[in-house]
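Residue numbers (UniProt numbering), protein chains in the order written: chain U, 1 to 258; chain W, 1 to 250.
No lab work stands behind these hints: they were computed from the structure.
Among the clues, some could well be false.
Taking lysine-lysine pairs in the DSS-like style, the calculated list, with each CA pair at most 25 Å apart, reads [as the list claims (entries may be wrong)]:
#1 W:Lys160 <-> U:Lys55
#2 W:Lys245 <-> U:Lys113
#3 U:Lys88 <-> W:Lys159
#4 W:Lys160 <-> U:Lys111
#5 U:Lys50 <-> U:Lys245
#6 W:Lys146 <-> W:Lys85
#7 W:Lys142 <-> W:Lys180
#8 U:Lys88 <-> W:Lys85
#9 W:Lys142 <-> U:Lys88
#10 W:Lys245 <-> U:Lys18
#11 U:Lys129 <-> W:Lys89
#12 W:Lys146 <-> U:Lys18
#13 U:Lys73 <-> U:Lys88
Cβ pair distances, simulated, as ranges [to be verified]:
#14 U:Lys112 <-> W:Ile222: 50 to 56 Å
#15 U:Gly156 <-> W:Ile72: 37 to 43 Å
#16 U:Ser167 <-> W:Arg5: 42 to 48 Å
#17 W:Ser68 <-> U:Gly156: 43 to 49 Å
#18 W:Arg149 <-> U:Glu186: 44 to 50 Å
#19 W:Gln99 <-> U:Ser65: 58 to 64 Å
#20 U:Ser140 <-> W:Ile72: 39 to 45 Å
#21 W:Gln99 <-> U:Met75: 45 to 51 Å
#22 W:Lys142 <-> U:Ile233: 41 to 47 Å
#23 U:Ser37 <-> W:Arg149: 48 to 54 Å
A short list of chain U residues far from chain W (calculated; beta carbon distances all over 10 Å) [said to hold, decoys possible]:
#24 Leu79
#25 Arg108
#26 Glu132
Nothing here was measured: the structure is a model prediction, and the numbers come from that model.
A virtual CB, placed ideally from N, CA and C, is assigned to each residue, including glycine.
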Amino acid sequence: MSNSTLQFKKVSFRYESKNNDINPSIIESLSFTIHSSEFVSILGPSGSGKTTLFKLITGLEQPSSGDILLNGKYMKNRLGCVGYMPQKDLLLPWRTILQNASLPLELRGVKKKVAYQQVIELLEEFGLKGLEDELPSVLSGGMKQRVSFLRSILSGANLLLLDEPFSSLDAITRLSMQEWLLNLWEKRKTTVLFITHDVDEALFLSDRIFVLSETPVRHLKEVPIPLRRPRGINDLHLPEIIKLKEDLLNQLRQKVRL
Amino acid sequence: MSKLRDLYAPSLLIVIGLIIWELIARAIGMSFILPSPIEISRKLWELKGILFFGHLPATLGVILTGLSLSIILGVGLAIWMNTSKIAEKTFYPIIISSQTIPIIALAPIFVLWFGYSIWSKVAVTLLITFFPITVSTFDGLKSSSKEMRDLLLTMGASKKEIFLKLQVPSALPYFYSGLKVAVTLSVIGAAIGEWLGAQAGLGYFSRRMMTQFDGAGVFAPIVLLSAIGIVLFLLVALLEKFTLKWRKTI
Chain U
1 MSNSTLQFKK VSFRYESKNN DINPSIIESL SFTIHSSEFV SILGPSGSGK TTLFKLITGL
61 EQPSSGDILL NGKYMKNRLG CVGYMPQKDL LLPWRTILQN ASLPLELRGV KKKVAYQQVI
121 ELLEEFGLKG LEDELPSVLS GGMKQRVSFL RSILSGANLL LLDEPFSSLD AITRLSMQEW
181 LLNLWEKRKT TVLFITHDVD EALFLSDRIF VLSETPVRHL KEVPIPLRRP RGINDLHLPE
241 IIKLKEDLLN QLRQKVRL
Chain W
1 MSKLRDLYAP SLLIVIGLII WELIARAIGM SFILPSPIEI SRKLWELKGI LFFGHLPATL
61 GVILTGLSLS IILGVGLAIW MNTSKIAEKT FYPIIISSQT IPIIALAPIF VLWFGYSIWS
121 KVAVTLLITF FPITVSTFDG LKSSSKEMRD LLLTMGASKK EIFLKLQVPS ALPYFYSGLK
181 VAVTLSVIGA AIGEWLGAQA GLGYFSRRMM TQFDGAGVFA PIVLLSAIGI VLFLLVALLE
241 KFTLKWRKTI
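Turn these sequences into a full structure, and let the hints steer you where they fit.
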């Protein structure tokens with residue numbers, strides 16, 4: 001059994017209300033474990049508590065009860081310990097690509113020169129060579145997301161939390177970004193927690209899928225993906241995967257209220 | 001140079017306006033009521049020594065002192081309101097409602113307080129420019145997105161780092177907008193101050209000419225006042241262009 005990178009132990013969460021009335025809980029006594037070097041997707045329709053989950057993991061919110069463990073240790077202050085890539089690229093428009101990507105290093109107190117050197121070494125692998133002095137506004141959507149991903153990797157954390165990173169891209173760019181991400185991940189073997197509402201994306205990328213299927217969230221339904229790596233996009237047409245996809249879609253559809 | 005071409009239309013309009021003005025002024029023929037543009041320019045030339053080296057520096061001194069104080073106090077207060085919720089709740093409504101006070105009506109009181117010294121004029125300029133600078137800077141500091149803030153927090157940024165690396169750069173464009181409004185208002189503020197009590201300055205000179213029924217003499221310093229406003233505005237615009245290079249590409 002490999003080491004756990006992220007562990008939830010009976011975590012409950014509700015937003016604190018300003019009045020005396022009690023807000024409904026969003027997460028109730030939830031436990032799950034993510035092992036090191038795993039690629040796990042969390043799949044759920046919008047409004048299913050995905051945002052709350054990532055806020056808890058990154059440390060922007062604290063659980064009402066229960067413990068969140070990072071690398072086997074209980075961490076109260078998790079800010080700065082998880083590499084987070086948001087849905088929108090959220091690049092600072094006044095910073096160049098180089099300055100944007102080196103932001104987490106800068107915040108950790110790394111010297112500018114050293115930080116820039118570290119970024120420049122990675123630019124080629126991320127398909128951003130020669131763009132270091134450009135501003136984000138001249139980049140395409142896919143490029144911006146690559147900068148954003150590079151930035152999250154440079155946080156140095158061994159857990160990356162990717163929050164629907166490709167949802168704003170067109171279908172073709174999304175596909176090549178998924179292949180690119182998978183390729184990069186297979187080389188680096190960082191633990192990835194990938195939040196998405198796209199079933200194909202989850203099937204293609206993950207070792208396991210956690211399905212968010214109830215509110216409040218009491219447990220995550222675990223679905224292992226029976227595909228070996230390295231994978232190609234054609235693997236999604238295997239009969240067992242198509243069957244799995246139908247099951248997943250049916251589960252999700254029951255939860256969507258129109 | 002498409003920029004130069006953009007100036008054709010307004011220049012043409014101004015020239016036409018000046019010609020019509022000239023014609024009407026000549027038709028009326030009472031220069032103490034309506035001096036013609038040619039008379040005004042002749043006057044400006046005649047008085048160039050005293051206007052440029054006596055009264056212009058005096059007015060410019062008032063404007064720049066008032067503006068600098070306004071920027072220091074306004075930005076300071078904006079930062080304070082940004083860091084403290086109590087300060088925001090206390091000052092923000094007061095700043096807004098202070099705008100309903102007719103500052104022109106207050107100006108004579110400043111003369112009582114500060115006498116004919118530069119400070120009565122600076123006080124008017126300060127009061128009139130304080131509002132746009134404070135409010136725009138404050139709104140600018142608040143404008144940074146919550147998502148970016150969260151992202152920086154997940155990278156382990158401290159409050160100070162979020163302020164310096166996120167809020168200040170986001171506030172700069174707002175600050176410049178406020179400053180552009182403020183520089184034009186500062187000219188008005190200084191002129192009002194000088195009208196009511198001064199021993200030098202373009203506003204003071206204009207008023208003195210009024211008592212002498214010298215129409216062209218009233219207008220000549222006003223031309224200079226508006227020139228100051230335009231030059232200051234262009235300077236701010238230039239500064240904005242150089243410090244906010246990233247905005248051009250948006």
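We went through each hint and held it up to the structure:
no.: 1; hint: W:Lys160 <-> U:Lys55; verdict: 22 Å, holds
no.: 2; hint: W:Lys245 <-> U:Lys113; verdict: 23 Å, holds
no.: 3; hint: U:Lys88 <-> W:Lys159; verdict: 23 Å, holds
no.: 4; hint: W:Lys160 <-> U:Lys111; verdict: 18 Å, holds
no.: 5; hint: U:Lys50 <-> U:Lys245; verdict: 20 Å, holds
no.: 6; hint: W:Lys146 <-> W:Lys85; verdict: 17 Å, holds
no.: 7; hint: W:Lys142 <-> W:Lys180; verdict: 20 Å, holds
no.: 8; hint: U:Lys88 <-> W:Lys85; verdict: 29 Å, violated
no.: 9; hint: W:Lys142 <-> U:Lys88; verdict: 20 Å, holds
no.: 10; hint: W:Lys245 <-> U:Lys18; verdict: 43 Å, violated
no.: 11; hint: U:Lys129 <-> W:Lys89; verdict: 49 Å, violated
no.: 12; hint: W:Lys146 <-> U:Lys18; verdict: 20 Å, holds
no.: 13; hint: U:Lys73 <-> U:Lys88; verdict: 30 Å, violated
no.: 14; hint: U:Lys112 <-> W:Ile222: 50 to 56 Å; verdict: 52 Å, holds
no.: 15; hint: U:Gly156 <-> W:Ile72: 37 to 43 Å; verdict: 40 Å, holds
no.: 16; hint: U:Ser167 <-> W:Arg5: 42 to 48 Å; verdict: 44 Å, holds
no.: 17; hint: W:Ser68 <-> U:Gly156: 43 to 49 Å; verdict: 44 Å, holds
no.: 18; hint: W:Arg149 <-> U:Glu186: 44 to 50 Å; verdict: 34 Å, violated
no.: 19; hint: W:Gln99 <-> U:Ser65: 58 to 64 Å; verdict: 50 Å, violated
no.: 20; hint: U:Ser140 <-> W:Ile72: 39 to 45 Å; verdict: 43 Å, holds
no.: 21; hint: W:Gln99 <-> U:Met75: 45 to 51 Å; verdict: 49 Å, holds
no.: 22; hint: W:Lys142 <-> U:Ile233: 41 to 47 Å; verdict: 45 Å, holds
no.: 23; hint: U:Ser37 <-> W:Arg149: 48 to 54 Å; verdict: 31 Å, violated
no.: 24; hint: Leu79; verdict: 5 Å, violated
no.: 25; hint: Arg108; verdict: 7 Å, violated
no.: 26; hint: Glu132; verdict: 15 Å, holds
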